[in-house]
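A.B. asks: Listed below are the residues making up each chain.
There are 4 protein chains.
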Amino acid sequence: MTLERKIPVAVLGATGQVGQRFLTLLADHPWFTVAAITASERSTGRRYGDTVRWSMTTPIPPSVRDLMLAPTAPDAVRGCRVAFSALDSSAAGPAEVAFAEAGFLVVSNAKNHRMDPDVPLVVPEVNPGHLALAAEQSYGTAGARGVILTNPNCSTIGLVSALAPLEAAFGLEQVHAVTLQAVSGAGIPGVPSLLAIDNIVPFIPDEEDKLEVEPHKILGTLENGAIRPHPVRTSAACNRVPVIDGHTLCLSVKLRDQPDLDAVRAAWEAFRGEPQHLGLPSAPARPIVVLDGDDAPQPRLHRDLGAGMTTSIGRLRPCPLLGIRFVVLSHNTVRGAAGGALLLGELAAAKGMVPGVAAEDVIGPRAGSAT
Amino acid sequence: MTLERKIPVAVLGATGQVGQRFLTLLADHPWFTVAAITASERSTGRRYGDTVRWSMTTPIPPSVRDLMLAPTAPDAVRGCRVAFSALDSSAAGPAEVAFAEAGFLVVSNAKNHRMDPDVPLVVPEVNPGHLALAAEQSYGTAGARGVILTNPNCSTIGLVSALAPLEAAFGLEQVHAVTLQAVSGAGIPGVPSLLAIDNIVPFIPDEEDKLEVEPHKILGTLENGAIRPHPVRTSAACNRVPVIDGHTLCLSVKLRDQPDLDAVRAAWEAFRGEPQHLGLPSAPARPIVVLDGDDAPQPRLHRDLGAGMTTSIGRLRPCPLLGIRFVVLSHNTVRGAAGGALLLGELAAAKGMVPGVAAEDVIGPRAGSAT
Amino acid sequence: MTLERKIPVAVLGATGQVGQRFLTLLADHPWFTVAAITASERSTGRRYGDTVRWSMTTPIPPSVRDLMLAPTAPDAVRGCRVAFSALDSSAAGPAEVAFAEAGFLVVSNAKNHRMDPDVPLVVPEVNPGHLALAAEQSYGTAGARGVILTNPNCSTIGLVSALAPLEAAFGLEQVHAVTLQAVSGAGIPGVPSLLAIDNIVPFIPDEEDKLEVEPHKILGTLENGAIRPHPVRTSAACNRVPVIDGHTLCLSVKLRDQPDLDAVRAAWEAFRGEPQHLGLPSAPARPIVVLDGDDAPQPRLHRDLGAGMTTSIGRLRPCPLLGIRFVVLSHNTVRGAAGGALLLGELAAAKGMVPGVAAEDVIGPRAGSAT
Amino acid sequence: MTLERKIPVAVLGATGQVGQRFLTLLADHPWFTVAAITASERSTGRRYGDTVRWSMTTPIPPSVRDLMLAPTAPDAVRGCRVAFSALDSSAAGPAEVAFAEAGFLVVSNAKNHRMDPDVPLVVPEVNPGHLALAAEQSYGTAGARGVILTNPNCSTIGLVSALAPLEAAFGLEQVHAVTLQAVSGAGIPGVPSLLAIDNIVPFIPDEEDKLEVEPHKILGTLENGAIRPHPVRTSAACNRVPVIDGHTLCLSVKLRDQPDLDAVRAAWEAFRGEPQHLGLPSAPARPIVVLDGDDAPQPRLHRDLGAGMTTSIGRLRPCPLLGIRFVVLSHNTVRGAAGGALLLGELAAAKGMVPGVAAEDVIGPRAGSAT
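Quick note, the sequences are listed as chains A, B, C and D, same order. Our numbering applies: residue 3 is where the first sequence begins, and numbers increase by one. Our numbering applies: residue 3 is where the second sequence begins, and numbers increase by one. Our numbering applies: residue 3 is where the third sequence begins, and numbers increase by one. Our numbering applies: residue 3 is where the fourth sequence begins, and numbers increase by one.
Quick caveat, the hints were computed from the structure, so don't treat them as lab data. Just to be clear, a hint being listed does not mean it is correct.
No distinction is drawn between identical chains; accordingly, a pair holds when it is met within one copy or between any pair of copies.
Okay, derived cross-link-like pairs now, SDA-like style, lysine to any residue, Cα gap no bigger than 20 angstroms in a straight line [claimed, not checked]:
hint, residue 1, residue 2
1, LYS8, ALA269
2, LYS8, LEU69
3, LYS353, ALA137
4, LYS353, THR46
5, LYS8, GLY354
6, LYS256, ILE326
7, LYS256, GLU175
8, LYS256, PRO322
9, LYS113, LEU257
10, LYS8, LYS256
11, LYS8, THR26
With these hints in hand, go ahead and build the complete structure from the sequences.
C.D. replies: Now the structure itself:
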């Protein structure tokens, strides 16, 4: 790390669950420092510590407790070069464009721009090369280009993390996914407790669409400034379950080749991505851990592996219909939201995509040599 | 009902969760009366009310509170002609044979004899004709034949209830089932609360095997004194979830024909079985209810429909891989255990299979005319 | 029952949790029939079955499914004589006055008028005589008097039900109450599941005040057209716990006399109130049941005793500080809300307080002889 | 820290929940290293990683994964000087005596010896001076004295931590405690999930006795080689609630003086104990944190403050009966079990009570100057 001083960032939508998680993960970050936070109009001008209904399990970072909430507008957060967006989808669309037009690197967790043809939709270990798609964007002016990067849906991330090594090694044809998703994905107020205790809600609005659509783009190929979608065919059924954090996915998968189970396991265990090669600050040592034991992974026990950034896989066995089946667990508010977006921001910084900050400034010689 | 007096029955293994449910459902039953209850040796000779750790939500039926617990042996329950078995599988195998050898009609919820070639495995609405398979059994002596009938696994019952009308109308080829199963299925002590709160356990011992194997038999055809298995191919993945009662199944199904969704729904709604035609006491008016609304069925809201005997179905929609998909909910300790077995006992009685009790004695003229 | 036809009633605020419970309990009621239902403006004019997010565990009663939602105004529900109010406290104050001014018997579950000096606050078994306080009201006109009656707070009801027999027999001086309250008390959306799963919220707005204040009035004495408050001193601490239905109260009580534990138990077991004497339709056979066993009552097992109208008590033992201590359980949305209010409406009807319906019309000779 | 090498310790009963927590907390400990682990006979001789059903949320520490499980006997763990006992109370009594007789410093979480007249029962911040009571013990031989130290019950620890500053400042007379205790206190199998989901169990065997008895000793005075019990009178009611970790206590307290609420709060905030003065490795910076906000503390949000070693207090307000009331939260398996015992072991080491290790060897100059 050769930065003379840390890169000032803004967190957009800082009072919600994802915003709180961003602030928690950004506390003491080696590259970034939170210089501005924004909220909806009725909270603007108020001190963060007095406004937020804090619900993380660690205290509010002292460095943000006294920050004042700014409006969600580029003018209000001058001095920042990067905006991490935890905005709700009802507000994210035009707001993120405004920041990009003002020259910001916008890293968004919202769904609004994910499927824009010129917007990278990236899991850093899976498709870092898609960052180049951002060159097709024309936000900002010649001297001050802005960019929008997006993080996939929380359950998509666990899905494609598990699938990417299989696609690379054996070719991916069909996926049947049934999810058991944690309530934190819906934030506060989110799911009423009357529907969550002693109950399953077998429906999450729009979720199955995202799971069926986003993998086409993430696993696709960047060619001539556009993504050629991957032809995988996916069937998704999504359930809300009484779990605080951690999405569980029961997957059956049809591969082009028909590897034995040991080869599948080996593909996962060998998997490392660019975040590991670059030594990005939020990268887990291992993006995927294969757990032994009949009954793993379990959300309460395994969601925090790799500080919530590692995807856990267990119960690999043959599927009578599609070939193989297994269970995947991914922390939905860390890897699946703020943590995944932060890692994406780190990757972008390491690629020199932060305005005014060279790649060499953040990636020192040691990291370079590890590549 | 022309019985002069009710048929005396024994409940084997009366102190566990399934036994308690049998006693609750048998209280004030129009045909059967609980004349004897059995337990493992250490409880034998004790008063039921002093021994059981009662955990139903209605009080112990007064008629059984003062019964003494007998050993689980035919000699100990003389006077009964029918034995409902709630025995644990560790004890059920030889015990049920002993009762059959002594001339009892044994209706069992245990897994031990389900796959015996001469033992009917029956969901009364689905395969009542399989009762005839019992003629292949040779328990007891010429003058006093005994019989074993079995109830399928708790999650199998919901599965085949939903599938049977589709098989009849459109032909069934492939089933992909992911279950979200309630903790009551494991009884007490069962699942430790440390594994149940804020958690999913993606494994239930032996459960996936049962779900993949039992439908072959239940949906099979009785020919020449044997069941020709149905060739349906099933992939099952079973999860334990923090729900008290009610198993939820996310199903994708491939049918031989390719009906539109309205035809599928119509097949379910038109479905009635022999229990409905005969007007059996525990038969729900409708074995299947199709629920409207995006987010139904839900275990807490819908498990008690039809007093826990109705299977709820919702979210019917196309499946990109197999054709159609939908969600099924079935009450695992009522329809899936004691209630299903009781209905099976009623069906057997209505077919004249209770030693010494003619079919006409239990099924009066009104019921007959309804057939 | 000698009514020629049932008394038509309106349910105000019929779409919420308490409203749904009212409709469920009023289905097939022997005295009352739901003739009108009201809702807030945005639902007015819509069919109930299309509008409500039904969350009871039995289906919408067919008789109300097709009713149209009326505005919450007396003119809109002409033909009814009784209004059961499930209105939120934000709307109940003036609306209930309007109905009383229009000559209705209003039976309210809202808090707004509970402490009005001329409004009876009644648990039918505890202080039925307080109904006479309504004579002090001057709602309506000479020929068409209206009246407001109120049901106490959900946790107050369990509290005073347990205390009333002790007050009568031994004199009540001090009460220390810690509550563990179910999430259904807050309705939908109510408590966010992120705050309910694996958590306790040790605070419920205004609840401790209600528990400390309402017993003064309920246990007070009606003298000269006013309630002389009972001097009991109460300390209440209220917690929200991950339970669907059923409020648990841990009570320590100081009595004037110092009865032994057997005498305390006997006082509870002997307790019957006017609803039992009159044979009111919703009255449980026993208002209080004392449960044996170290670990009773438990909400999941015992909340439905007496169809949710019975108060369960257990764990009676000495308290080193106040004398005795014990645990009380009461179903908060049945006895503690709609069921309690319905019983109050029945009591009022049996006292001739329904405009145009004589007491003799509802209480037949059999009931009379039971008094 | 001037130890040339770490002090080798044994963990007795290493496979249970408390044992697992000990191993987790001892991983990378600056003073202690786990050199031996013991289990019941049927696990003896097996590798830890193959034997334990690990249920912590961090992986098994690599340093213990390959250790072999020894019998719980001093001969089997030669080389260790300290034994942390996570034994079940069914085994702890004679086993801990055997280790003490063999010259070990035994630090126990079991209840068996807590009330022995010569055994210190210690919360390090509250009554560190009671360690001197150990001089009355005569375990071992002249050259090799052993000692037993004990950690209080999990809910007692939160209780006395909150009370100690009040006793010191204002004098403590009466305490009314109602607890809402997490299921982890009962371990695995522990509480069946059928009793934990959507339920409260208002009883925990022996727990109320411990809460009423242990504070007398902990808050007592060491005089002439014996503890003169503190005369505080306590009433405790204990409930099991659906929470994974963290015991919540609703307390009402009568103090000799009648301080205003600000003075009470100030007493808590100023509170520091010998672990803080000595800078013990497991000591939280602040033993007590007073939380703002109406609805704090909450177990899910606040149990991990100070790495689970800090006691959280909120909702301080007047009590109409006893003077003041408030809510206390303490992590029951960290501060209330293994973490508390580890801190006690650290305190003992810093006092020179580890055989063969001088106080100066563990407490360096910096720590000394902080005293």
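A.B. asks: Against this structure, judge whether each hint is valid.
C.D. replies: Structure-based check of all given hints:
1. LYS8 with ALA269: neither (37 angstroms within a copy, 40 angstroms between copies)
2. LYS8 with LEU69: within (17 angstroms within a copy, 44 angstroms between copies)
3. LYS353 with ALA137: within (13 angstroms within a copy, 66 angstroms between copies)
4. LYS353 with THR46: Neither, since 34 angstroms and 54 angstroms both go past 20 angstroms.
5. LYS8 with GLY354: For LYS8 and GLY354, the Cα distance is within 20 angstroms only inside one copy (15 angstroms; across copies 46 angstroms).
6. LYS256 with ILE326: Both. Shortest intra-copy (7 angstroms) and inter-copy (18 angstroms) distances satisfy the 20 angstroms Cα cut-off.
7. LYS256 with GLU175: both (5 angstroms within a copy, 18 angstroms between copies)
8. LYS256 with PRO322: both (11 angstroms within a copy, 14 angstroms between copies)
9. LYS113 with LEU257: neither (29 angstroms within a copy, 35 angstroms between copies)
10. LYS8 with LYS256: For LYS8 and LYS256, the Cα distance exceeds 20 angstroms both inside one copy (46 angstroms) and across copies (53 angstroms).
11. LYS8 with THR26: within (17 angstroms within a copy, 34 angstroms between copies)
When held up to the earlier numbered hints, the structure conflicts with 1, 4, 9 and 10 and fits the remainder.
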